[in-house]
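**Student:** One-letter residues, chain by chain:
2 protein chains.
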Amino acid sequence: MKLDALFRPKSVAIIGASRTPGKVGNILTRNMIEAGFQGEIYPVNPSADEILGLKTYTSVKEIPGELDLAVIAIPAAYVLGVAEECGERGVKALVVISAGFKEIGHEGALLEKQLVEISGRYGMRVQGPNCLGLINTESQLNLSFAPAMPKAGRIGFISQSGALGTAVLDWIVKENIGFHSFVSLGNKGDLDEVDFIEAMGEDEDVRVILLYLESIDRGRRFIEVASRVVRDKPIVVIKGGTSSAGARAAGSHTGALVGSFVAYKTAFEKAGVILAESVEELFNYAVAFTEQPLPKGEGVVIVTNAGGPGILATDLSERLGLRLTNLGSEVRGRLMGRLPEAASVGNPVDILGDARADLYTYAIEEVISEESVNAIVVILTPQAMTESLETAQGIVALQRKHGDKPIICIFMGGGRVQTADEYLRSNGVPSFDFPEKGIKTLAAMYEYARFMEEPEHPPARFDDVDPERVKGILESTRRDSRVVLLANEAAEVMEAYGVNSTRDMLASSAEEAERFADELGYPVVLKIVSPEILHKTDIGGVHLNIGSADEVRTAFEAIMNSVYTFMPQAKIHGVAVSRMVTPGKELIMGMSQDVQFGPLVMFGLGGIYVNFLKDVSFRLAPLSEREAQEMMEETRAYTLLKGIRGEPPSDIDALRETILRVGQLVSDFPEIVEMDLNPVFVYGVGEGCIALDVKITITGD
Amino acid sequence: MKLDALFRPKSVAIIGASRTPGKVGNILTRNMIEAGFQGEIYPVNPSADEILGLKTYTSVKEIPGELDLAVIAIPAAYVLGVAEECGERGVKALVVISAGFKEIGHEGALLEKQLVEISGRYGMRVQGPNCLGLINTESQLNLSFAPAMPKAGRIGFISQSGALGTAVLDWIVKENIGFHSFVSLGNKGDLDEVDFIEAMGEDEDVRVILLYLESIDRGRRFIEVASRVVRDKPIVVIKGGTSSAGARAAGSHTGALVGSFVAYKTAFEKAGVILAESVEELFNYAVAFTEQPLPKGEGVVIVTNAGGPGILATDLSERLGLRLTNLGSEVRGRLMGRLPEAASVGNPVDILGDARADLYTYAIEEVISEESVNAIVVILTPQAMTESLETAQGIVALQRKHGDKPIICIFMGGGRVQTADEYLRSNGVPSFDFPEKGIKTLAAMYEYARFMEEPEHPPARFDDVDPERVKGILESTRRDSRVVLLANEAAEVMEAYGVNSTRDMLASSAEEAERFADELGYPVVLKIVSPEILHKTDIGGVHLNIGSADEVRTAFEAIMNSVYTFMPQAKIHGVAVSRMVTPGKELIMGMSQDVQFGPLVMFGLGGIYVNFLKDVSFRLAPLSEREAQEMMEETRAYTLLKGIRGEPPSDIDALRETILRVGQLVSDFPEIVEMDLNPVFVYGVGEGCIALDVKITITGD
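So the protein sequences, as listed, match chains C and U. Residue numbers for the first sequence follow our numbering, so the first one is -12 and each next one is one higher. Residue numbers for the second sequence follow our numbering, so the first one is -12 and each next one is one higher.
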């Protein structure tokens, strides 16, 4: 595994170890000892001989033998010197707990840069600075402030907030949840979430990776690594700083740039990372992922002894897109034979309030054996006859027997279900106190299962594109010291990437008009261009629907004659030639560069509605066919495109191809920082689409 | 108080009392004794002398003295006879636990009807049947299966699911939450949620009313009663059966008709009832409402010792519409003087991970004393130096000192915050384990506070309406055995209620066309109506923009001449006269009758977008001015109406008036079951709006 020096050191120096109880250097030393670390622990403190029974060294240089890891918990001012010494000493990695770096401003940022430079010179990787340390239950390592070591488990937790980590560590001990490792990222001066995801990804003992993140600096790399790791184990994230106020708070907290939430959401989706809405959800999901198999199909059955909670669970299932299986008539018949008359053998299966453990076990076994059933939700409320512990025992036995189907329990109540709840949890069956938590957890399992069933979709690439031509256009734009392309330049770029678009071309002679018309394709429109002529049609200044080169020449001359007749004084710029475009359904496409994640492509409903309906969707380029399709399906405009109320369907294939070509263009040319195709008209099936106005902005440098 | 016989009986007969432990009749008797009920308990059982030390009677008739309440827990077949006896005996109310009524189908429904009839004859009110009983801690009454009586408190809980109630009762004992009373509604054969809301509304000891509902039968009355009660105490509801699958489950569960969720949501909003999304939320809100004052303004401050949780709280605050106060420079200055340098005195106020109790107390007191601050959220994570219990004690003291501002605590973690958490809760300060729960609770308090600050808005009533005319039109429609009004009838109805609309009127002579044009108002349009003439304009069959009666006559004759010239054989229906209407922004209005709650008025964006964007909002008629305004503001179309991107604003006043007049019409005529004004064109400010097509459907009988 990567980062072995951090996760599995054979020897650890604690620089800043202290004899004074309550001090960071004392807690760290004690925690290491109490965690049962099997390697060597070397406290470093110039003014002590012995700390908590361990021989103490005045400097890291004095420590004998190999030294894998050094934890630094001394004032910031001394950190550089110590890092230098560690480097010379051959230490492989540093955990820098000390604060006083980037988070305090410019001066600290400089210090942090130097720290990373020094470490880099010696090939040392750095966790932190300003972090709360590291725990690894497997190597019995506790380099954190957490007083109680969590029990061993298979959850890896990476947190950009140290305090949140501490609270969670305290909470999971109470909840009896097992951890594999905990990493506090701190300022991410060197190692960041991407490095730790990669390391935990390679570690077979980690079954699920949890993240609390406020920012991601290496966005593209994050997507790359996460996309690979999620194929092997789920990654669940909670993102702090989703609101503008929250982003401000995050800004003042870590000094890191917090990107817009849309970009983050899109990035998580692209990588197959599951987004949790609360810390509690994060861990609910984690427990289910580590302990239960994934559902292998859509069918969910709810077995309950209480109508109301069954209804609440059903409501939420539907809202979250779970499908309650229609049980077949055979199994319904069998259930009817055994369950009391008033029971319901629909779904939820309501086995009624006086159901004892054997009835639960019977009903669950009947439905779990059905092929159409892929997951079971068991709801129990403590009624007079309820045997909650025996029911729990029955469920655990069934879970072992039918190990390939997940069971989620919702045992509602307090004292009367507590023992059962604990029994379930300690035997690997997730158990929740309210329906909402159980159903949301199951929905997350489905989300991941669906993702895993999908083959990986490679980015679409068209070969009939001409990047050299685009390169030339962008270069000439830059040579002109412009950042916005002219309309004809933008249209040429579109043409080079096979995107159908149109624009006005200004002809000053009939020959030129002919040439332009040939280039644009017929039919075309000719229009006089003069700032002084307002009512162009009235004076014969507009000719529509021109079908051939001959007609173009005739029309050009007719326009000029009319103008000279009616307005001989008018200043004439020329005659605009453009494709004759029939109005279609109005859409919008576009792209903007996200600082962290790169080109974010947009698709949505156009026209006057775009600004207030905001019926748009986003994906990060490069795009797969599937992503382009999803972009369309996510908008409500898609209903319109499919054809509603007798209106014919639109050319969805053409739109998808256009989205993909735009995606390919902006991936090939990262210097394009903004792009708008507005409006894009789409026509009936087979009739294509066209961008009427294309605006492209490139970087200034 | 109403329902005194139920909530404060002096004597209770338990019909079906049993000596056999585990049997319902035994549990009920034991629970009554253990609850410490001070009145008389009379077990009734023909085959026992004594049950749990109480003298037992063979029949209710034998019981001496007054008898307020009888609980019935015997097979359904015997219930009618016993109810008859109770009636003769002078019992005032019945709690019917027995199942086997409406919930089992037609036969049971019949039995239930007879039970209610018998009780009605004797003036007895009935709770149930098929219910799980009643608890009232104040009168030490436990007529339920709940084994542990909850501690006394001020929460009233009414549940349509008995099992959910049992689970909750078990849960609140564990959570140490106090209850005033618990009512299981059962089948609601007689007494329903409205009766119990009314009773709890009048009970000064109840400070908040919680409801779990699957259906409401007396919708209008529910709104009436709830609207009155919420002025005095909050009502929080969780609604089961919001999804179509959930509604099916609810249907099979209680046999009650479950209305569409939109109507319920609208009804709750109209009444000022708060909708919770989960059972846990229901109780989180309840605890905060009973123990904390309402915030008196918008300003919230978060004080935290941890950045990450502060950010999560900030994110959610913004999402839920809470406003984080900008602290004034003075208080910021004072805070900066005392807090460590790296602390943040923005909002969240981050007092850093090593903050001890005194620093918390100091910071909270500084901000709570600010006039702009109306509520405080305190977040604590257990760090090395954290004094969680001392901090909790400081907060409770501050809460007592500044009793008029709510404090919500979020103490994250497990064992290290448990004692503090319990201290806070038992001293009246709501404490949560995760930021999400605390912030959502505070948001619910704000929702209620805002509602309470608003004056009551009476329904708008216009006097210039002509109900007699509408009555006549509806009567003549019914006489014709039609349920859909003709276009001109609908237009007349609109006119009678002052709604601007137009329609085609079919003239067969120039004189008639003149008369119609005078009626409609100028300018008008004349159009030939013939199934055989498709291209009306081409043969001179359309005249636009006709300004006077003379011109109408000329146009009529010109049209007829043209038609006879070009298509002498065509079958002519006549000439349609209609107001010349300029296209405006396209909206839609409408109404449909909800079975439970009556006329549900709709407003939204019209045109081809209405079907897929569903940008519509609903309110129950009659409507106040404020409700009509809110209906518009809730749609995204409102941004368009206010004017965007240089587009002029629309005549919002005219739209609001139209909505109100439609609301008044459908309130005055409940026989109107459906109505569509589609499209409604709206013009610039002062230029009004017009309904182009009005469809009105009435009841058949």
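Don't take every hint at face value.
Since the list gives no way to pick out one identical chain from another, each pair is judged satisfied if it fits inside one copy or across any two copies.
As the list claims (entries may be wrong) - Derived DSBU-like pairs: lysine-lysine, alpha-carbon spacing no greater than 35 Å straight-line:
1) K458 / K682
2) K424 / K10
3) K514 / K161
4) K523 / K42
5) K523 / K629
6) K79 / K388
7) K10 / K42
Keep in mind the hints are simulated off the structure, nothing from the lab.
**Student:** Okay, which hints does this one fail, numbers in order?
**Tutor:** Violated: hints 3, 4, 6.
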